[in-house]
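S.K.: Quick mapping for you: the protein sequence lines, in order, are chains C and H.
Quick note: to get the working numbering, add 1 to the position in the first sequence (first position is 1).
Quick note: to get the working numbering, add 77 to the position in the second sequence (first position is 1).
Hints in this document: simulated from the structure, not taken from any laboratory.
Be aware that a few hints might be false.
[Unchecked claim] Derived Cβ-Cβ restraints for the label pairs, each shown as a range:
{"no.": "1", "chain 1": "H", "residue 1": "Ala275", "chain 2": "C", "residue 2": "Asp63", "range": "43 to 51 angstroms"}
{"no.": "2", "chain 1": "C", "residue 1": "Asp29", "chain 2": "H", "residue 2": "Arg108", "range": "46 to 54 angstroms"}
{"no.": "3", "chain 1": "H", "residue 1": "Gly146", "chain 2": "C", "residue 2": "Met80", "range": "53 to 61 angstroms"}
{"no.": "4", "chain 1": "H", "residue 1": "Arg466", "chain 2": "C", "residue 2": "Glu28", "range": "48 to 56 angstroms"}
{"no.": "5", "chain 1": "C", "residue 1": "Leu81", "chain 2": "H", "residue 2": "Gly414", "range": "32 to 40 angstroms"}
{"no.": "6", "chain 1": "C", "residue 1": "Glu28", "chain 2": "H", "residue 2": "Ser79", "range": "29 to 37 angstroms"}
{"no.": "7", "chain 1": "C", "residue 1": "Pro20", "chain 2": "H", "residue 2": "Arg279", "range": "50 to 58 angstroms"}
We put the CB at the ideal spot given by N, CA and C, even for glycine.
Take a look at the letters that make up each chain.
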Amino acid sequence: MTPADLRAAFIADLTAVAPDLDPATIEDNDHLQDDLGLDSMDFLKLISALHKRFNLPIPEADYPRLATPAKAAAYLAEMLAT
Amino acid sequence: MSLFTMPSLGADMEEGKLVEWLVKPGQRVLRGDVVAVVETQKGAIEIEIFEAGEIGELLAQVGQTLPVGAPLARLGPAGEAEAGAPPAAPGSPREIPKALESPAPLPAQKPATEPAAPVPAAASGAVLASPAARVRASELGIALDVVTGSGPGGAVLLSDVERDAPARPAPVAEPVKDERPKGKPGLDMAEMRRAIAAAMVRAKREIPHYYLSHEIDLQAAQDWLSAQNSERPPDRRLLMGALLIRATVRALARAPELNGRFEADPYAPSAPVHCGLAVAMRGGGLIAPAIVDAQGMGLDAIMEAMRDIVTRARTGRLRNSEITQGTITVSSLGETGVDALIGVIYPPQVALVGFGTPRPRPLVRNGAVQPRLAIVATLAADHRISDGRRGALFLAEINRLLQEPESP
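Using the sequences and the hints, build the whole thing.
M.R.: Structure representation (structure tokens):
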């Protein structure tokens, strides 16, 4: 998958968890909790969706690496490459 | 034969709009079945029926806004609905205001020869129209006599009004109503604000609050949670919030008077714990649906219930039992908040537990200062029901339970 594909997949799962977010207004460096208002339950559901989509374990220790769409796309690319 | 009526979904609710029927006449229902969807200040709410039987005639039509207590449907003992209430002809006009004046008409008083065919409308001249069509037409400012009816005898139905609606200028209020946040159907932020205001004004006017606060060492709970979650796939991971809820629910065993609804004097605590969970809406506002019968739930069950109820509070539908039967509320600031939340009780409940954001703090353990994760737990309680000593016992018990997260 290209970085654009990964970002699109991440945004799709994000907006499924938080349907009141407008995909067009989400910035690459928006912090999921501080800027987009996700709570811990939303975030866990997002991790679950990414886990299912990419079949990656995503341990809790890695959560900070998914804090923004840009970070998450980089994290997913790295994990899928190994 | 009884009547299923528009339920009250809060002291501040005066009316609700029927948006969907989930049952048909003749269908058997059990206590607790969801039979209809009503739009309220709290969004679209699934309405459960509290009596088993067979649905008779549907007295209200989709699209109608009706006051609390208005009849929505007849409910008969299973198998007897047909005999009890002669079905009205489809689309035959009924005077809804009249039905409201006598909310419990006895079937026996109905003439046995109730007409099966449409009768001419008595209410508004020569125009035949269903009640829902009349309501909608008046909302839209459409004269019924210019709408072509497709119902029996040319009666104007709701769908006929809706069909004509887009071609006509809508009242100014309509577009505003449509600017609801996506993802939460039927939620009107201004209405939600009004509902919160009404509940909080009542709380501060009627309830003599007292407040207690306790800093709790959360490190043991956090360590246990991390170890658990490292072995679990994301779907089965636990949140600290679930541990906090479980500790709160269990601690009520030490101070059961904090769990209940002060609706009648003398106050009687509730045996079941329906633990409300304050869920913040991203667009502003909050709603506190309850985890029903939380007293017997283990950690995984509480986590599942939280996942379900938060999801439905945000994007789906809650049930009326969940928003009207809470016996205590927990409000938690989560991971990105501040130190402490001093809450306002959600009437007619008698206590609210607040949790701040867990933070690393310098705590003294065994005579030495150590960095430990800590959380401030607070209690706002009704002084008519309990005193500080009992409240303190309760917060201390929450602390004790959080030190043994592994106990089932």
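S.K.: Between Asp29(C) and Arg108(H), does the beta-carbon spacing fit 46 to 54 angstroms?
M.R.: 51 angstroms, holds
S.K.: Between Leu81(C) and Gly414(H), is the Cβ distance one that fits in 32 to 40 angstroms?
M.R.: 34 angstroms, holds
S.K.: Kindly confirm whether 29 to 37 angstroms is satisfied by the beta carbon distance between Glu28(C) and Ser79(H).
M.R.: 56 angstroms, violated
S.K.: Would you say the C-beta atoms of Arg466(H) and Glu28(C) sit inside 48 to 56 angstroms of each other?
M.R.: For Glu28(C) against Arg466(H), whose Cβ atoms are near 52 angstroms apart, the range 48 to 56 angstroms holds.
S.K.: Tell me if the beta carbons of Gly146(H) and Met80(C) are separated by a distance inside 53 to 61 angstroms.
M.R.: 58 angstroms, holds
S.K.: If you check the beta carbons of Pro20(C) and Arg279(H), does the distance land in 50 to 58 angstroms?
M.R.: Hint violated: Cβ distance 32 angstroms, outside 50 to 58 angstroms.
S.K.: Hint says 43 to 51 angstroms; check whether the CB-CB distance for Ala275(H) and Asp63(C) agrees.
M.R.: Distance hint for Ala275(H), Asp63(C) holds at roughly 44 angstroms.
Hint violations for this structure: numbers 6, 7, all remaining hints satisfied.
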